[in-house]
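Undergrad: Sequence:
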Amino acid sequence: MNKEIINNVITRLPPSPTGLLHIGTTRTALFNYLFTKQNNGKMLFRLEDTDRERSKEEFEKNIIEGLKWLGLDYDGEISRQSEKTELYEKYLEKMIKDGFAYEAEENKDGDKKVIRFKNPNKEIIFQDLVRGEIKFDTTELGDFVIAKSLSDPLYHLAVVVDDFESEVSHVIRGEDGISNTPRQILIQEAIGAKRPIYAHLPLILAPDKSKMSKRFGAISIDEYKEKGYLQEAIINYLALLGWSPEDEQEIFSLEELIEKFDIKKVHKSGAVFNIEKLNWINKEYIKLMTEADFKIKVLEFLPKEFGNKIKENDKLFNKILPIIKERIEKFEDVIIMLEEGDLDYYFEQPEYELEKIFWKDENDLNLLKTRIEKSIQLIESVKEFSAEKIKESIWDYASEKGRGSILWPIRYALSGKDKSPDPFLLSEVLGQEETIKRLTYVIEKINSTKK
RNA sequence: GGCCCUAUCGUCUAAUGGUUAGGACAUCGGCUUUUCAAGCCGGCAAUCCGGGUUCGAUUCCCGGUAGGGUCACCA
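Residue numbering for the first sequence follows numbering that gives the first Met the number 0, beginning at 0 and increasing consecutively.
Hint data in this document are derived by calculation from the structure and do not stem from the laboratory.
Treat the hints with care, since some could be wrong.
Here are the simulated EDC-like cross-link-like pairs (lysine to aspartate or glutamate), alpha carbons at most 16 Å apart as the crow flies [as the list claims (entries may be wrong)]:
(1) 111 <-> 151
(2) 112 <-> 122
(3) 308 <-> 347
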């Protein structure tokens, strides 16, 4: 890694509060953050809320809290464009005075006027950190509108003034900002602002390769949070969309990303968002969680009623936790486990039909009874009730009779499910007493059918 | 449609003017103590097409095609 530290880096995060924190905005924020941190720079945060109709306080809050949750901290105070109309007015007046802008009738019959930029109609060439040289003939842009009135500035004007006033050195934004760049450069030249260095990031694409939109399910960070994705996993996954390290490492802490990220190695083409890979990464992070953290998170996702049941059986719950950990890739899956009845049987004797307890096409009740009785005997003899010891006690017998013939019924008696953890682990978790109780229950069931 | 951008397995990607084109996710198969999960091992799978430059191109150039972005008194 021989990237040189760039001095006086100032980047910015300019979301407009017209929607929830978007996954694309987040990725842009992340790349800005990584670039800024590795150069010891500052990342400014400003809300582009010049559109008062669409800007909402709830979105503002959502974006700020989302970034905080992800750990993407910005420097300094939040700046709001809606609070700086005098500033823009000053620039507008100057531009008009200098002949770079003019007031114009909006339409033939309009009594309303707008302020247009006087387009010099020239070719703009700019260097992009990820794309190289980009050329643009601004003629086709015409005299575009930069403000509805002196006190009502529009996006392009506000962006340029703000970046200039706050001495932004690097503009790192999505590829959809490329076509805005020539306009903004034109305005920069008109107000005598220095041109920042641009880097346009490839877009995150929906599976059909189009820009991520509402058509694609989850696009707000909130939704991922609600589904039980961890912030580290989201960050990690997003970092790998459009960038890759020099080696084949896949799991990174934020610190490692800051160290290894290289904006010059950002790709040019868009990347399809792949939930499967996110799931995998999330699971990797779940594996890394401490038991205590994992427990808190599971409890957070479980319904209250079930949570209460668990609290009364804390020791049992602690034993189930590793089983849950192995089976989920995001915390929402805990709810699925619960709904599918994969949690209940730890806490209460499961109900099931006796026929289901037979291994494959066996069907001899007497034989089953004998085997269960023998199994009970063996399990009763276990002193140290661990999965390993339980297995030892019953292994020879099971091998002799056919493992499925013995182990399936035991497992079924304990879980009442076609699918579950293995019988030894189940026994250990339930404890010797409960295990024997559930096996005895089978005997009772057999006896009652015989009558 | 104009302008701009892009093009390696299904997806994220690595690499190089000469490689068996590598990895990860997904998928398929096997193993691991009966089912499941996890784990381990293995398989399938890609350089968009056509020219040119070159001894040699996936890599460089041009064209085509395809995909995407953008064309507001939104940001």
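Undergrad: Quick one: which hint numbers does this structure break? Sort them smallest to largest.
TA: 2
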